[in-house]
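Keeping their order, the protein sequence lines are chains A and B. Each residue of the first sequence is one higher than the one before, starting from 155 at the first, in this note's numbering. Each residue of the second sequence is one higher than the one before, starting from 381 at the first, in this note's numbering.
No lab work stands behind these hints: they were computed from the structure. Be a bit skeptical, because a hint or two may be false.
[Stated by the list, open to error] Only pairs whose alpha carbons sit at most 20 Å apart, straight line, appear in this in silico EDC-like list of lysine to aspartate or glutamate:
hint	chain 1	residue 1	chain 2	residue 2
1	A	K490	B	E460
2	A	K229	A	E209
3	A	K221	A	D316
4	B	K619	B	E498
5	B	K452	A	E626
6	A	K671	A	D276
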Amino acid sequence: MKYVARGLVLAVTGYLSGVALTVIINGNGATDELAVIAGYVLALIGWLAGVGGIEAFGRQWIGKTPKVSESQGWKRYFEFSIDHKVIGIQYGVTLISVLLIGGLSAMIMRIELASPGMGVVDLDDFNKIVSMHGILMVAVAVAGVIGAFGNYVIPIQIGAADMAFPRLNALAYWLLPPVAVGLLGAPFLGAFNAGWTSYAPLSVTNDSGQILFNLAIITFGLVSILGALNILVTVITMRAPGMTWGRLPIFTWAGFATSLLAFTVTQFFAAALVLVTMDRVAGTAFFSPDVGTGLLYEHIFWFYSHPAVYIMVLPGFGVILELVTTFARKPLFAYKAVVAALLSIVGLSVVVWAHHMFTSGMADFLHGPFMILTEAISIPTGIIFLSIIGTLWQGRLWFRTPLIVAFGWLFNFLIGGITGIFLADVATDIHLHDTYFVVAHFHYTIVGGAIFALLAATFYWFPKITGRMYNETAGRIFGIWVTLAFNATFIPLFWAGMNGMNRRVGDYPAAFEGANKFASVSALILGASFLLFVGNLLYSAIRGPKAGPNPWNARTLEWLVESPPSQHNFHSQPRIVGHPYDYGVEGSIHAHFPDEEPHAEEQREEVTV
Amino acid sequence: MRKSWIPVGILWLSYSVLMMFAVANFSWLPAEWSEEAHVVDSAMLLLQYLGAPVMALVLAVMTWSVIGWRDKGATRQDGENIHGHRGIVTGWLIITSLLAIYVVINPGFVGLAEIRGEPSSDHVITLHGQQFAWSVEYENGATALDELVVPADARVRYDVMSADVLHSFWIPAFRIKIDAVPGLTTQAYATATREGSMNDDVNLRIQCAELCGPGHARMALPVRVVSEQEFLTYIDNLKAGG
Ligand code: HEM
Ligand SMILES: [Cu+2]
Ligand SMILES: [Cu+2]
């Protein structure tokens, strides 16, 4: 905690000096946007220096050897640790906390929307809450699985001792708390009311909270880009001997594909926000109707934000495929086709952005090409479904909590994908765009596809990470509860959207009351399910029974080491000798450890029974 | 391997039939008040019919997973070593591609042509969006702030503009929508098919569909569809009165 405290002190000092500097030089007020920008930038630098940057980087700049946290136990989670496992847990805990805060904001909205008219908040506050909710949840979906499990699992799955750039990895994580503080602090400057999409010109003229949104999201972009870079280099250069691309576990493949995408497109959101910021404080006119152009923002924004939906869901594909093979006890069906599908999704997803703009007033001749390309993505997505079906086929399914949640995922993502076709079709989208139908669609894909994967992954790797087993009964109840409540919440919203209810509204015509009331009650039940989730995990992390190295009889490397893995993951360099999913092949093994032949033998007994 | 095809096939067929029956009998679509609404609704219906067997297939597999493929005796044994099957993967690719191509053509391009093709119109009405109200300007220069009056059985072109931020002009009963973009004039077409007003259907309203600020939710204007004769009289009177 000492370093966090030092970081906070330096951050506050930084903020105040930034503000003071602009006040003195420029003569503006202390809440002027220029002052906020200067304050934020210096606060960020102060924070990074304070939490450990001084030792990890600064010492090197003056010719001394750098130092990072060597602590063990609880302390290391609050320090500048470069262990990818510690960083994975830091991401996981931070983002699940953000998920819960975002969830609370959803509860407020659903309570407001339970009946027409205004009750607990007013119209403007509603827009601000909806904007906050949107961006918090988008951040969780973008970074959740890849930040927590990508960091924790990928290096072990490829047989590496850590990430390629461990200090950079820590730096990326420590940029995350400022993002949360920036966003959650925005209400002090009037909050932001332009939605998570922050379309200009509204985002140029609204309250100053928008400036904090811009700064925080640019910072978040940096987290994404640095994290992605690290995963790409790690997977390319740090694979164990014998870990060919054709033997790479599918979760690692998915993380790799995600990182390719995140590394390539994230800067566009930042670019759009830089332009907005300049329009606000530097007197430029990128989005002014007289000089600039009204559609520019949407194009830049969606050039990132469509791929972003795949940044959210590709790691989810990886998790679910990994779980399905493990619990079906069968090889992953059509592994190579799945890899090809992941990579073609990466390619296609950067050329479909304008399907968010069918009603934007862009030239009509653009509708056709973007419709064709969008429909084309359903083909590789179909391959993922084929692989899941083929893997389940004639399997010996072991219905533990991870698989139950994975089944919830399968159902939800199916609905998300099918409703996506309605939105990709220009004729139907003209009616459905910006209605509750879209809201329901992207909750089915994002909550259904990314958050459910985060939940499933949490149960699956919980015994590895904590060394203890969660409570199975509570887990199963949660899995079923969360799936049913989620569907009860969002199915009625498809109806509301088709029938004329637009999105991002605190009030609506009385005709939509029934569907909204139903959704609100279901949403509260959905929210309550998370008490069981958090309760189960907190209790089990401390009191759960010991899990042993491989409770699922899985074959990938992380299950061949103790739970939790030792500091450098492996006691000797593993050698990869076979495919990770060769279930059902007598005597096959994925990896062995030359120095511990008996240990490898023992594993082999276990996995091939 | 063989024996699962039969139960899964039966489940698939039954789910498909059930879902198609549901689509045919329980429409979720609101009332249609324009020719465009009919085009959109037909497309929506077609996509539901096409989606049913796709959804049914996955549901069938999920159902049989629980019934047929559960590891009942908790044997913890491995399943069969099936890595893939070239024929199945190729077949699947061909079928999904054909389905995607079909959907792009119909309702895709067919609907697109019907809704946004043919730029001709009998009347032009201009809508000015502004935080947080719509104002209507008719072809004779008359303006109104209290309602939009539209002739039935005539193709109307809506020219949409904004004075400040993005708004979106949406009449749910007509299923048409186009954003109001500062600095641009955007266009949408609709042919109303019967007379009525917001008292008959809440969807006979212009609703702003693009988040535009605090008053966004209530940025709506009633729409009244009247005969073409009445329409002409209405705008003449409006002009004389204003
Ligand atoms: C088969 C796959 C999919 C298709 C064809 C599809 C299609 C679409 C289309 C055309 C839109 C624009 C709708 C509109 O605003 O009018 C849309 C919106 C959206 N989709 Fe999907 N989608 C698919 C999968 C996904 C996935 C996997 C995710 C996320 C993980 C996702 C997340 C979103 C989001 C966030 C929006 C709305 C963003 C906003 O307006 O705020 N979609 N989808
Ligand atoms: Cu998209
Ligand atoms: Cu609006």
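Structure-based check of all given hints:
1. A:K490 <-> B:E460: holds (19 Å)
2. A:K229 <-> A:E209: Roughly 17 Å between the alpha carbons, so the hint for K229 of chain A and E209 of chain A holds.
3. A:K221 <-> A:D316: Holds: K221 of chain A and D316 of chain A sit about 17 Å apart, inside 20 Å.
4. B:K619 <-> B:E498: violated (30 Å)
5. B:K452 <-> A:E626: At roughly 17 Å apart (the allowed maximum being 20 Å), E626 of chain A and K452 of chain B satisfy the hint.
6. A:K671 <-> A:D276: Roughly 19 Å between the alpha carbons, so the hint for K671 of chain A and D276 of chain A holds.
Against the hints set out earlier in the document, a violation occurs for number 4 only.
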